[in-house]
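Okay, here's what each chain looks like letter by letter:
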Amino acid sequence: MTGGRRHPGAEAAEAFGWFKAHRWLIARRMAQFMFLAVFLTGPLFGLWITKGTLAASKTLSVLPLTDPFIALQSLFAGHIIATTGLIGAAIVLAAYALIGGRVYCAWVCPINLVTDAAYWLREKLAVGKGWQPDRHLRYWLMGGSLLASLITGVVAWEAINPITMLHRGLVFGTMFVGGLSWLLVVAVFLFDVFISRRGWCGHVCPVGAFYGLVGRFGLLRVSAWRRADCDDCMDCFVVCPEPHVITPALRGQGDESPIIASIDCSNCGRCIDVCSKSVYRFSHRFDMVVEPAGSAPGVAEEKRVA
Amino acid sequence: MSKPDKQGVSRRRFLRNTAQTACGAGLMTLVVGLVARSNAATPPATALRPPGALNNDDFPAACVRCGECVRDCPYDTLRLAGFGQEMAPGMPYFIAREVPCEMCEDIPCVAACPTGALNKELTDINDARMGVASLVGQETCLNYLGLRCDVCYRVCPLMGEAITLELHNNERTGKHAMFIPTVHSDKCTGCGKCEKSCVLPEAAIKVLPPRLALGKLGEHYRLGWEEKRKHGEALIKNILDLPDRGYSGPASLPKRNQSGGFKEFRP
Numbered sequence: 001m002t003g004g005r006r007h008p009g010a011e012a013a014e015a016f017g018w019f020k021a022h023r024w025l026i027a028r029r030m031a032q033f034m035f036l037a038v039f040l041t042g043p044l045f046g047l048w049i050t051k052g053t054l055a056a057s058k059t060l061s062v063l064p065l066t067d068p069f070i071a072l073q074s075l076f077a078g079h080i081i082a083t084t085g086l087i088g089a090a091i092v093l094a095a096y097a098l099i100g101g102r103v104y105c106a107w108v109c110p111i112n113l114v115t116d117a118a119y120w121l122r123e124k125l126a127v128g129k130g131w132q133p134d135r136h137l138r139y140w141l142m143g144g145s146l147l148a149s150l151i152t153g154v155v156a157w158e159a160i161n162p163i164t165m166l167h168r169g170l171v172f173g174t175m176f177v178g179g180l181s182w183l184l185v186v187a188v189f190l191f192d193v194f195i196s197r198r199g200w201c202g203h204v205c206p207v208g209a210f211y212g213l214v215g216r217f218g219l220l221r222v223s224a225w226r227r228a229d230c231d232d233c234m235d236c237f238v239v240c241p242e243p244h245v246i247t248p249a250l251r252g253q254g255d256e257s258p259i260i261a262s263i264d265c266s267n268c269g270r271c272i273d274v275c276s277k278s279v280y281r282f283s284h285r286f287d288m289v290v291e292p293a294g295s296a297p298g299v300a301e302e303k304r305v306a
Numbered sequence: 307m308s309k310p311d312k313q314g315v316s317r318r319r320f321l322r323n324t325a326q327t328a329c330g331a332g333l334m335t336l337v338v339g340l341v342a343r344s345n346a347a348t349p350p351a352t353a354l355r356p357p358g359a360l361n362n363d364d365f366p367a368a369c370v371r372c373g374e375c376v377r378d379c380p381y382d383t384l385r386l387a388g389f390g391q392e393m394a395p396g397m398p399y400f401i402a403r404e405v406p407c408e409m410c411e412d413i414p415c416v417a418a419c420p421t422g423a424l425n426k427e428l429t430d431i432n433d434a435r436m437g438v439a440s441l442v443g444q445e446t447c448l449n450y451l452g453l454r455c456d457v458c459y460r461v462c463p464l465m466g467e468a469i470t471l472e473l474h475n476n477e478r479t480g481k482h483a484m485f486i487p488t489v490h491s492d493k494c495t496g497c498g499k500c501e502k503s504c505v506l507p508e509a510a511i512k513v514l515p516p517r518l519a520l521g522k523l524g525e526h527y528r529l530g531w532e533e534k535r536k537h538g539e540a541l542i543k544n545i546l547d548l549p550d551r552g553y554s555g556p557a558s559l560p561k562r563n564q565s566g567g568f569k570e571f572r573p
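Chains as they are written, first to last, in our numbering: chain A, 1 to 306; chain B, 307 to 573.
What the hints contain is simulated information worked out from the structure, not anything from laboratory work. Note that this is a predicted model, so its numbers are computed, not measured. Ideal Cβ placement from N, Cα and C applies to all residues, glycine included. It cannot be assumed that every hint is accurate.
Stated by the list, open to error - Selected chain B positions facing chain A (in silico; Cβ < 8 Å):
| id | residue |
| --- | --- |
| 1 | Gln-391 |
| 2 | Met-393 |
| 3 | Ala-394 |
| 4 | Gly-524 |
As the list claims (entries may be wrong) - Here are the simulated distance ranges between beta carbons:
| id | chain 1 | residue 1 | chain 2 | residue 2 | range |
| --- | --- | --- | --- | --- | --- |
| 5 | B | Pro-380 | A | Gly-78 | 54 to 62 Å |
| 6 | A | Ala-94 | B | Gly-538 | 15 to 23 Å |
| 7 | B | Glu-525 | A | Thr-41 | 24 to 32 Å |
| 8 | B | Asn-476 | A | Leu-47 | 41 to 49 Å |
| 9 | A | Leu-47 | B | Gly-466 | 37 to 45 Å |
| 10 | A | Thr-41 | B | Arg-528 | 30 to 38 Å |
| 11 | A | Phe-33 | B | Pro-380 | 28 to 36 Å |
| 12 | A | Ala-94 | B | Ala-417 | 46 to 54 Å |
| 13 | A | Trp-48 | B | Asn-362 | 26 to 34 Å |
| 14 | B | Pro-414 | A | Thr-41 | 18 to 26 Å |
| 15 | B | Leu-518 | A | Ala-117 | 39 to 47 Å |
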């Protein structure tokens, strides 16, 4: 990567100020904490918004939500989920299929906080890339979870799923009263710090693989619409948890789509934050607008100064 | 390097990578399966499942470990297992000796379950079968010792039905009665009030999962009297009534003593 060990996004922060260069990161952290908070206000303050966990929940006593991957495993294990659960799974499926991308991974999943922290530490320690398992491993594991459910008759991935373990440990407090779910979380953290960069969310987690497939045709996408102004600083590639998704959109020529269409993109929006040339924006998958060179605000100012 | 060679190499690499990934995923699947199986199917004997829970084979397929039943339990009876505890993590259970089930009439835990792991067909809490109370401490139970404790009998929500006091002779004293608390599995819901209230430092009456409490009769067994009742009459008719051979008594009875007994009898 170019720029040595320069902090990615430093240029954008200089150009637009710190807040604008972190706006989507801040929004994402707020969303993640909000999704935790709606579960926590009940047990902490007696104000019940959402009951349950990320596996299945009920919000304000009316809105049922069920993790469709868990519902699918339940089906493989030989049980047909009852109506409430099915409705919940359908709502979640429809929402993520419509919004698209792995929005769950970047905006909801509490493990993202852990793996982002691990990534930060890994970069501080300059550990390097480490072991990078095949990108398809998560799909194999997704199939494996369904197979294990089929054979054992247990919703199998839930026996070790660090997402719901962490969520349940926090929301029900089991990890503060002798539960060892924090061990799993620490394991994921250490795996990401010392074994594999962006390893858990990027290569292993079958839940992410499932949501990637669900969001395949979703609407919300990042567009590299001002790619003509890209100065190849590589900041977006550095911050992107799935950097391979950027190339086709950013390096596309002429009429080629500027949309980041890969199912691996989690719509985290970090690339939008760190780009000092405002190359990226959130858009929809049918947005083919590509701006000519020199249209980005940062670039225009530079020209004016010159 | 010629073109076909290159293709051969990349094909070989592709196959090798795929095989590696598949094997890795296979191993992880095996681990996931073993972990899932090890702790889900057989919870410890003291951990009871909520009312309406499907049986042990079906429950782990249906429970998604969301905890909604736990949230809606008004008495904090139900709790979720943490990771690394004896129970499958995230599955609901209760320990009768600590907080028994209060048998709410509206059964909020069952109403809360989104998946049907707690069966909605359970509408009368008296039909719940969370476990079966078992008087395992027959050497410590105060009633077995001849006292009148009766606490388990009195706290039972189905007093006189799920637990009755059965009169037996106290053979130690020869002249007193013992009131033996006797559980009837066709009525006992397994709420655990008896176990909770047992006055001993360690409960003499314990609610056990039905499998452990009841045992299981071989499926080929037929109870003659039940078959006869179902049939309305004996299944086999016209049995020859052969003369009975048995004790025909000594040639002459010994002399009775003054009170009319045979205490002086020496055979």
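Evaluated hints:
no.: 1; hint: Gln-391; verdict: 6 Å, holds
no.: 2; hint: Met-393; verdict: 10 Å, violated
no.: 3; hint: Ala-394; verdict: 7 Å, holds
no.: 4; hint: Gly-524; verdict: 25 Å, violated
no.: 5; hint: B:Pro-380 with A:Gly-78: 54 to 62 Å; verdict: 32 Å, violated
no.: 6; hint: A:Ala-94 with B:Gly-538: 15 to 23 Å; verdict: 59 Å, violated
no.: 7; hint: B:Glu-525 with A:Thr-41: 24 to 32 Å; verdict: 52 Å, violated
no.: 8; hint: B:Asn-476 with A:Leu-47: 41 to 49 Å; verdict: 59 Å, violated
no.: 9; hint: A:Leu-47 with B:Gly-466: 37 to 45 Å; verdict: 44 Å, holds
no.: 10; hint: A:Thr-41 with B:Arg-528: 30 to 38 Å; verdict: 59 Å, violated
no.: 11; hint: A:Phe-33 with B:Pro-380: 28 to 36 Å; verdict: 29 Å, holds
no.: 12; hint: A:Ala-94 with B:Ala-417: 46 to 54 Å; verdict: 25 Å, violated
no.: 13; hint: A:Trp-48 with B:Asn-362: 26 to 34 Å; verdict: 31 Å, holds
no.: 14; hint: B:Pro-414 with A:Thr-41: 18 to 26 Å; verdict: 20 Å, holds
no.: 15; hint: B:Leu-518 with A:Ala-117: 39 to 47 Å; verdict: 45 Å, holds
Checked against the numbered hints given earlier, this structure breaks hints 2, 4, 5, 6, 7, 8, 10, 12; the rest are met.
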